[in-house]
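Visitor: These protein sequence lines map, in sequence, to chains A and B. According to our numbering, the stretch in the first sequence is residues 1 to 458, in order. According to our numbering, the stretch in the second sequence is residues 1001 to 1956, in order.
It should be emphasised that the hints constitute simulated quantities derived from the structure, not laboratory data. Mixed in with the good hints there might be a few duds.
[To be verified] Okay, the calculated beta carbon distance ranges per label pair:
no.: 1; chain 1: A; residue 1: R286; chain 2: B; residue 2: L1281; range: 18 to 26 angstroms
no.: 2; chain 1: B; residue 1: S1393; chain 2: A; residue 2: G235; range: 19 to 27 angstroms
no.: 3; chain 1: A; residue 1: T237; chain 2: B; residue 2: K1318; range: 18 to 26 angstroms
no.: 4; chain 1: A; residue 1: C249; chain 2: B; residue 2: S1808; range: 56 to 64 angstroms
no.: 5; chain 1: A; residue 1: A404; chain 2: B; residue 2: D1397; range: 19 to 27 angstroms
[Said to hold, decoys possible] The list that follows gives simulated cross-link-like pairs (lysine to any residue, SDA-like), each with its CA atoms no further than 20 angstroms apart:
no.: 6; chain 1: B; residue 1: K1359; chain 2: B; residue 2: L1336
no.: 7; chain 1: A; residue 1: K377; chain 2: B; residue 2: V1367
no.: 8; chain 1: A; residue 1: K280; chain 2: B; residue 2: Y1276
no.: 9; chain 1: B; residue 1: K1576; chain 2: A; residue 2: L89
no.: 10; chain 1: A; residue 1: K450; chain 2: A; residue 2: W315
no.: 11; chain 1: B; residue 1: K1327; chain 2: A; residue 2: T236
no.: 12; chain 1: B; residue 1: K1402; chain 2: A; residue 2: N410
no.: 13; chain 1: A; residue 1: K377; chain 2: B; residue 2: D1330
no.: 14; chain 1: A; residue 1: K280; chain 2: B; residue 2: K1283
no.: 15; chain 1: A; residue 1: K233; chain 2: B; residue 2: E1360
no.: 16; chain 1: B; residue 1: K1359; chain 2: A; residue 2: T236
no.: 17; chain 1: B; residue 1: K1420; chain 2: B; residue 2: K1545
no.: 18; chain 1: B; residue 1: K1327; chain 2: A; residue 2: D81
no.: 19; chain 1: B; residue 1: K1322; chain 2: A; residue 2: T371
no.: 20; chain 1: A; residue 1: K213; chain 2: A; residue 2: P256
no.: 21; chain 1: B; residue 1: K1045; chain 2: A; residue 2: S67
no.: 22; chain 1: A; residue 1: K338; chain 2: A; residue 2: T237
no.: 23; chain 1: B; residue 1: K1283; chain 2: A; residue 2: P265
no.: 24; chain 1: B; residue 1: K1327; chain 2: A; residue 2: P265
In this text, a Cβ means the ideal position worked out from N, Cα and C, and glycines have one as well.
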Amino acid sequence: MTCLYLRAHSSAGASSVSRQSCHIDTELYSWHSHLDLAAEMIHSLFLINHSGDIFLEKHWKSVIGRSVCDYFFEVKEKAVDPENVPPVLQTPHHYLISIYRGKLFFLSVIQTEVPPLFVIEFLHRVADTIQDYFGECSENVIKDNVVTVYELLEEMLDNGFPLATESNVLKEMIRPPTILRTVVNTLTGGSNVGDTLPTGQLSNIPWRRAGVKYTNNEAYFDVIEEIDAILDKSGTTVCAEIQGVIEACVRLTGMPDLTLSFMNPRLLDDVSFHPCVRFKRWESERVLSFIPPDGNFTLMNYHVSSQNLVAIPVWVKQSISFFESGPSGRLDITIGPKQTMGKTVENLKVTIHMPKTVVSANLTATQGNYTFDLATKVVVWDIGKLNPQKLPNLRGSLSTQTGAPKPDDNPSLNIDLKIQQLAISGLKVSRLDMYGEKYKPFKGVKYLTKAGKFQVRT
Amino acid sequence: MTDSKYFTTTKKGEIFELKAELNSDKKEKKKEAVKKVIASMTVGKDVSALFPDVVNCMQTDNLELKKLVYLYLMNYAKSQPDMAIMAVNTFVKDCEDPNPLIRALAVRTMGCIRVDKITEYLCEPLRKCLKDEDPYVRKTAAVCVAKLHDINAQLVEDQGFLDTLKDLISDSNPMVVANAVAALSEIAESHPNSNLLDLNPQTINKLLTALNECTEWGQIFILDCLANYTPRDDRESQSICERVTPRLSHANSAVVLSAVKVLMKFMEMLPKDLDYYGTLLKKLAPPLVTLLSAEPELQYVALRNINLIVQRRPEILKHEMKVFFVKYNDPIYVKLEKLDIMIRLASQANIAQVLAELKEYATEVDVDFVRKAVRAIGRCAIKVEQSAERCVSTLLDLIQTKVNYVVQEAIVVIKDIFRKYPNKYESVIATLCENLDSLDEPEARAAMIWIVGEYAERIDNADELLESFLEGFHDESTQVQLQLLTAIVKLFLKKPTETQELVQQVLSLATQDSDNPDLRDRGYIYWRLLSTDPVAAKEVVLAEKPLISEETDLIEPTLLEELICHIGTLASVYHKPPSAFVEGSRGVQHKRLPGSAGSGESVDSPDPASAAGVTEAPPAVIPSQGDLLGDLLNLDLTPPTATGPPPAPSSGMQLGAMDLLGGGLDSLMGDESEPLGGDIGGSAAMGAGFGAAPAAMPASFNAPVSGGLDDLFDLGGSVGMPMGAYSPPKTVWLPAMKAKGLEISGTFARRAGVIQMEMTLTNKAMSVMTDFAIQFNRNSFGLAPAGPLQVLTPLSPNQSIEVSLPLSTVGPVMKMEPLTNLQVAVKNNIDVFYFSCQYPISMLFVEDGKMERQVFLATWKDIPNDNESQFQIKDCHLNSDAASNKLQGSNVFTIAKRTVEGQDMLYQSTKLTNGIWVLAELRVQAGNPNYTVSLKCRAPEVSQCVFQSYEAMLKN
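Isolated chain A, as found in the complex (with noise of 0.2 angstroms):
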């Protein structure tokens, strides 16, 4: 409330009266456009790639121009890496709500208040669902199936409302594209736009379509655990927890019904599930009894958090220094396995975060090999299989640029394993039952246990 403001405020006021004459004259031609601006979910999506080119854009109702995406790349310049853009950006009219999947930005424009997450879920859906039509997601596949991609966002949301987002479904309704099926296509003119209404949508169970046949009934199970821990200079664990998944591959003639048990269900903290398992089952018996999608789904996921302890495979002895004087400092990593459960770890790979001023790295790896890449300043040491009786070693020295301080902050390392056949947790399961049909399925139960933001402090 000082003077000083005062005068930068009138001026503010005599402009913005000019502007509103202006506006005036325009106001005939903006009514129709007005009319546009009105509330629904999600108004529309652009795909941006790495270098920020908009190659794809999709409009659930009016066209929205393409600078409503400036404000977004101010943000993306602004935060050096494109994980680090906010995924919620506001802007005078719109609200932005981005992804980062795969290299792209799935960008969306809504204009009311819509629940955020409501919208990342489904823009992780669109991508999801890229996935899995055409095995990855990237600019190329997208530019390769722009049609059928068009297709599919139509079919996946309607004013704003996620209209279908099964993959079973929408492959009834839109055949993902085969080799031979091009070819057929291409020869005959036949359609990959299915044109019956898909058997899932409204029934109770619309993750399944009915009639499925297979000549060879199976059902394979993969229980992934992802260890998340942070362990401190010394090798104490911080914090550390296992996110668990169970994929599924079912590939089951008509309406199976399924149960799974587990030796040990109490273990888990937190589940959340595909919503063909039914809860209250869960709830009072701790069985997953489901009738499955068919083909791939994700049939739980669950979380074993740090209440229990959770087992970490592998020790890390590690030093990295740097002298006060002199450009240059040294580095010693040893790993070792710890609680494997008698398992080999495999694909073991340290990924290390140099300071800036870290120029070249002169290293000699025992086993393995290591790379330093001078523009991210990271080095990577692929060791693969851990042996017990010779552990690898990762030894050598660092030269900082001259004249360049002591750098402040500590490397970090992150580490990337594979156990085969072991849940580190714990967690078994116990049997399969098949109830509603009368063949005997192939049964297959798998087990992984990979290292998910395995990071070691030093």
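Dock chain B against chain A, hints included.
Guide: Frame of chain A, contents of chain B only:
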């Protein structure tokens, strides 16, 4: 072969070639051509010129081709309305097709073609589809009603579609129910006052049944709808909670968060001693934790909401601290949010862990994150008293790293720690002083100076330190200058013998060589204090400061309650009430948490009524502050006796004093604490030491008071009889030239609480005009005609007629530019004419816009200063009472008035029809025709309009 081939033809003759292909006899060629057209469309090329050729392909048995043509139609129909009519017949025919897929597709597409003429044809097919035997068609038709309503709301109401839609809530198919709910919710959003979604136990039961069976998206619509329901008692509340809880295990995070919203809201009604209450609390934690393992974008939204949840119910996540630990490769926006929540969850039990983490973060790469981590350590110290010592030593460790920005942040937070725990950690001052030279950010410099001034008696070379800053005084930022001034005065009061020269130097720099009014004001005040009564000066400047607390960063309780009702929405992401988004039309309804139904157990759940926006100022503070400032102003202007240079000319003095009072309003309004971690001089005009001083005013310092701040709440009968509301003179809105002879001039008025649009219609044509009707476009405040345009007799040539059209404010809302712009369509027997006009915003000032004084105070304080705008009204010759009267006539209410040195300050409140409050301070000085008006509003967009109205109301 892939679709990328469609992108290759960018030559000039492309459109021409496509045209030929579209008209080809070969089906396959046609389809390929349409695909090419669609491909061009997707990348934003304009292919609208091909409209007739594409529409010609519509009559086909090939479903894919049909779909493609529909896609094209939706995109371009609006630019070619006449051509689009060509498609109508096919649509109507397709709506009768035996294949439900085609019926649904046709009705869906028709709804997307936003052309009036098509809309008319849509009604009959839509009516049939709403009652179709196939649920797929019904659910598609339900959405279509929402689309149609958006194009022509009146039509939907007239045709009775809303009732059909309501019936669909009882449909046997859950997907149909979900879509009907979604459509009704969307329609209700543009009619905030309508009772479309009439929720009663029966409908709730139906919704809960459908909830279990419909798709994940439908579940979100239903849950969001449920959240608007207020259960009758705790038993109903519990039964709804029980049926919603399973949704917490859904794979879709939006379903989970919507369920959390319902549970958080209904939980308020459950008695706390109920077993179920505890069970529910336990059930909420795991799904919230799981949300944090999702994709980073989902995590971000989840974290923003968890931030609200932990403020409302910290017990839910109190054991889950570790999941908020930051990982190296989290995106920065996730890192910052996690940090915030870590501090909120910090307690004595987990503080060691938290501090170890924060220290770790302080050595990360990202500067923003590191800074926030250092600040977080300070906040922990203030929040958890037992940890303060550990925090200080952690900060000292960080200072030893000598990383420049870490040191600066550390010093800023240590200053806060000193304010929270005075006389406890002074031993570290020596270490701080070592880093004096490396400080280059104003905030850190100011913090350091404050510390030196505050503890001057324990720092041997305090004078040297401060003197070193004084050298470049004029290059410092205001913040640093103000601190330096205060610090040197403190130093002088503590060590008067050695520092006389220094204090004279700083006073002269501040008062004589500076253009900054705040600085000059403060300088003069000190100067006069010191020169008249050094003992009093000591009492004021070195007074004990009130302690700061950690609560300053909490969201205000009423806002928090409202935000809890909006979990999962954009409001919850921005932590702003939905009314702050003018564009969102829901602003009118302020949602409140239901009160607990239990008997006496609701001790810690605030009663909504008593918590309604009032943060009462501690009574002990305000009067003494009033006394103090009164005293300051009544100091006589005797020549100086002891120290210092001669006082400034008295006129300058008065000006300074008045400004001080203006600036001081902020500190008067609020509680005693300064923003934590914010700048030291809370308000620009009042320094830390000074602003805080009044808390401990000795009684001996009381002198006669005249026109002090205690007048602020004295209405003193200054409000006289209200006069009529201001109405601007009529202006020509629609010249006859533009409207085939019809001229419309008009104005707006507010009479007895009803907004009237007063128009003069003049027929300047040669023939009689009849059949007048009027419609408004959506506008910022939902203005809509409350009745038809009453022109009963035909208007003969050269005749004029006066019409008064009552307006309601429940129409559809859309933000206009300028805000008060209104687009009007007037129809007569000749044609439809469009014009736009602007209404004075004062039409929207409602009669019950008088705010309680306490609420005013709290609100003024609560609205951030960024939302304040100041305007000047020139050449106005009313005195303050007349102005107040005049404004009251237009529903601008004066709540308080105070007079300072001949300047009257009126504090006024106004409420708009959509519930937005505007607070104003109007300064009127006798003999000065220029008024100053400062406006504060949560929706600052309206300030400019309100100011224009002020000017118009005062000057007419």
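Visitor: Does B/K1327 pair with A/P265 here, judged by a C-alpha cut-off of 20 angstroms?
Guide: violated (29 angstroms)
Visitor: Keeping to a limit of 20 angstroms between CA atoms, is the pair of A/K377 and B/D1330 held or broken?
Guide: It holds: about 18 angstroms lies between the C-alpha atoms, which stays within 20 angstroms.
Visitor: Is it true that the CA of B/K1402 sits at most 20 angstroms from the CA of A/N410?
Guide: holds (15 angstroms)
Visitor: Quick one, are A/K450 and A/W315 close enough, alpha carbons at most 20 angstroms?
Guide: holds (15 angstroms)
Visitor: With a cut-off of 20 angstroms on the C-alpha distance, tell me whether A/K338 and A/T237 pass.
Guide: holds (13 angstroms)
Visitor: Does B/L1336 sit within 20 angstroms of B/K1359, going by the straight-line distance between their CA atoms?
Guide: This hinted pair holds, its Cα atoms lying about 15 angstroms apart.
Visitor: Hey, B/K1045 versus A/S67, does the alpha-carbon distance stay inside 20 angstroms?
Guide: holds (15 angstroms)
Visitor: Just tell me: holds or violated, for the beta carbon distance of A/T237 and B/K1318 against 18 to 26 angstroms?
Guide: holds (21 angstroms)
Visitor: Regarding the pair B/K1359 and A/T236, is the alpha-carbon distance no greater than 20 angstroms?
Guide: holds (16 angstroms)
Visitor: Hey, A/K213 versus A/P256, does the alpha-carbon distance stay inside 20 angstroms?
Guide: holds (11 angstroms)
Visitor: Check the hint pairing B/K1576 with A/L89 against an upper bound of 20 angstroms on the C-alpha distance.
Guide: holds (14 angstroms)
Visitor: Would you check the hint for A/K280 and B/Y1276, treating anything up to 20 angstroms between C-alpha atoms as holding?
Guide: holds (18 angstroms)
Checked against the numbered hints above, the structure breaks hints 19, 24 and satisfies the rest.
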